[in-house]
Structure formats: C-alpha cells, structure tokens
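Peer 1: Under my numbering, the first residue of the sequence shown carries the number 1, and numbering increases by one thereafter.
Misleading hints may appear alongside valid ones.
[Claimed, not checked] Straight-line distance between alpha carbons at most 27 Å, and here's what the computed DSSO-like set of lysine-lysine pairs gives: (1) Lys-52 / Lys-154; (2) Lys-52 / Lys-196; (3) Lys-154 / Lys-106; (4) Lys-108 / Lys-154; (5) Lys-359 / Lys-299; (6) Lys-106 / Lys-359; (7) Lys-108 / Lys-359; (8) Lys-52 / Lys-359.
Simulated from the structure, these hints should not be mistaken for lab results.
Computed from a prediction, not measured in an experiment: that's the story for all the values here.
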Amino acid sequence: MEITTAIILSMLVPFGATFTNLIFHDRENLRDGLTLGAAIVTFGLVLTILAKNGSATSETLTLFEVFPGVDIAFNVEPLGLLFAVVASGLWILTHIYAIGYMRGNKEKHHARFFACFSFAIASVMGIAFSANMLTLFLFYEFLTISTYPLVAHKGTPEAIRGARTYMSVLMGTSIALLLVAVIWTYSLTGTLDFAKGGILEGRVAGVMVPLLLGFYAFGIGKAALMPFHRWLPAAMVAPTPVSALLHAVAVVKAGVFTMMKVGIYVFGIDFLAETRASEWLMWLAAFSIIAASLVAMTKDNLKARLAYSTVSQLSYITLGVALATSLGVLGGGLHIAMHAMGKITLFMCAGSIYVATHKTNISQMTGLGRVMPITFGAFMIGALSIIGLPPMGGSWSKWLLIMGAADTGQWIMIVVLMVSSLLNIAYLLPVVARGFFLSDPENGGPVREAPLLCWLPPALTAAGTVALFFYAGTIQQFLMPLVAAN
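Generate coordinates for the entire structure from the input sequences, incorporating the hints supplied.
Peer 2: Right, here's the structure in full:
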C-alpha cells in the first residue's frame, strides 16, 4: 500500500465508523464490533506508514489548492507520525473501555456517543498528517466540534454549562487568536507550509516575533495554558471515556502537538533561540506547571484533580518548545507519548472506581484499594509515571526536559520541574495510600472490581508505561530528525 493511500484511509476509516454507529444504532454488539474493527484497521494503517516511511518526511499529498501558496495537503513527518501512533493505538483500548463503562454505568445514547468519538479520531488523524497550518487549523476545529456533544453527553444542566465553557473557550481562542496568527503568517511569508527550520526567519523581526508567538500560544487553546485552561476542568462533567479521549488520545494532545509544530516548523527552534522570543512563554509554562499542581492538591473530586494535573503536565511540553533547544524539543515530543499512556491509565481507573462503587471523591475511597487491587495498582503505576520515577516511561521525558533547561542555563526551570514532581507526589500518591493503607468498614468486603472491560484496559496501559521506559531511547531516536541540522 502506498503511503498516500494509507494517510487518506487513516482518516476515512474512523470517519466511516461515524456512520456505522448511526446506521446500526439499535444493534449494539454489531455497532461496537464494527467500531472496534475500525480502530484496529486505523492503527494498522498507521503502523503501515511507520514501516514504510520510518522517521523520514514523506512527499506531500495535495488534495486541492485553496488559494495561491496554500493547499489542503498531507504528509508524514516524525512528530505527526508519533502522534498518530499514540492516538490510533490508544483508540483501541479506549473503545474497549468505553463499551464496558457505558454499559456498566447504564449510560444512554451509545450510538451518538461512539459516532462523535469516531469523528474525533478522524479529526486527529487529519491533524497528525497535516502538511500546512491551514489544513491543521481546519481539522483542529473539526475536533472541537465533534467533541462538544461528548462533553454535553449527559444532558444535565451541569453538563450543558461545562460544554458551553468548553466550546466558548476553544472556539473563541481559535477564531480571535489562532486564525489571526495564521493569516498574519501568510501575509508575511506567502505560504503556510510546514518547513524544517521554520518559515518566518527573515520575514519578521523585533517585538513582532514574540507578539506573533503569543497569538499562536494563546490561540492554541487546547494546550490549556493559563489563563485559557478553564475549558478542561469544565469538561470533566463528561463520562470518563470522554475524559480519557480529552486528556490522552485527542484534544489536549492535539493542542500541544500544534504548539510543537508551530515552534519547530513555523518559527524554527534556532530562530526562537536567536531572538529569545519564547522566553516569556517559558515563564508562563513554568507558572502553569506549578499553579495547576497547587490547585490539583485542593480538589477532592478525583477527576477534577486529574484535570488540573493535565493542565500542569501539558505545560511541560510547551516548556520544551519554549526552551528552544534540541533536548527541550525531544523531551516535549517524548512527553506526548509518556503523558498519554500515564494519564489515560489514571482516568480509566477513576472511571472503573465509579462504575464499581459510584464514588467520585478521594475522601470516599478509603480502603477501596483492598477490594479493587487491580484498579488501584494500575493507578499507582500510572501515577509513578506522571511523577517521573523509574522504571516508568515518564521519567525519561522529564529527564530530557531537565537536560534541555540545563543546556540553556535555565536553572530556575530545573527547580520548577523538580518541585512539580514533588507536587505530583503530593496530589497523586495519597489516592493510592488511602486506598491500600487505610480502612473503612463501608468499603470493606471481598474483591469487587468493575467489569472486565473497565479494569483490563487500564491494566494494559499501566503495563505500557513500564514498557515505554525501555523503549524511550527508540522513540527519542525516531524524533531526532526534528532537531537534526538541515
């Protein structure tokens, strides 16, 4: 199969699953089986691209020209391919988990839920393989639109309010800031194509460089930089599989992925380093890392605590770009995969706890680890990866980010990253300690894990965080073309 064919099919297959969910809405086993098949096929297509293309940048597939110098076009490069592998691979486990969660929790409107979920994955594939900023922008907006019904899925007043916040922040930042940045870039360069080393050097100078970067950074609302982060905690009213989609598979990863694409292929890391245009972004990312962690410590609701944890962890990737060093970029790219595997584990465990016990607050979970040992064991492994302790994958991405900060003499950033890990311990490990080492008669009794489809996926992703520790070097080597000299 040609790479161009595989790229198109990787978008069309999940898009087709959108319609099979609607067509077979009243035949749940067939509907869910077809969607699982689509997820497996999509992952297989991405692996085919990986096998054929490796870490090279492929030829560009142009569908049509929008206006001179700007096309709807796709290609493969290492960062996008890594994102596609992570998203398509985790779609399989997330779908299996969602079947168990939706049925075990007796949620309604399954067909609509899985249709929107599938469309969101199709959008992610479009983002991952976009060859220019306009194509990425279009699929970025498709992702926002397709996930809005998922956030509002329960239809309660709280869900509707959360979905409105979600949509207003993400669409508002896109239209008011990101679109302006895209148009501004085109007016300066006459193109929006992603190019090694960037397209802005020699086209913009002085204060205009950090200003344009600001339009991009705040316009990419899905990266959840403070103060444009409110949509993420607000979206926690959605069912837990949606939280997994938002935090690991699609939305936030699309945000930080876009941030990295802009830094590497629009501005260029060397240009950012020479102009020092990203220094302010580095400090904002550092603030978001610490501030979100402190807020997370105050939350008793487990999903709310994990949401603010995500705000903090996303800023690690933004910090990697803002450091404007090779190690920072590699650390940020590696953290996309490491955080995805760790955080999806934590959210799936939160959902498993809810399905089995209908408990959502950490203060209610005393002793639950003794009756749900697999779920809480998986949570502990995922938490250790987020903290950055070996032998979990998250330790390597944090190490590279620390080395990137040291490479530029940014010692305060090293302190920020170390303090952040301590704060991670403070807000994640008490969940494990309360579950395993404290007792509550109300939560006692024999082992009563959630249904198989709810506890097996997080157990597998927890194992994945360990596996990533041993393959981190392979991923780093795969990403090396991002920072190799032209």
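Peer 1: Which hint numbers does the structure go against, in order from smallest to largest?
Peer 2: Hints 1 and 8 not satisfied by this model.
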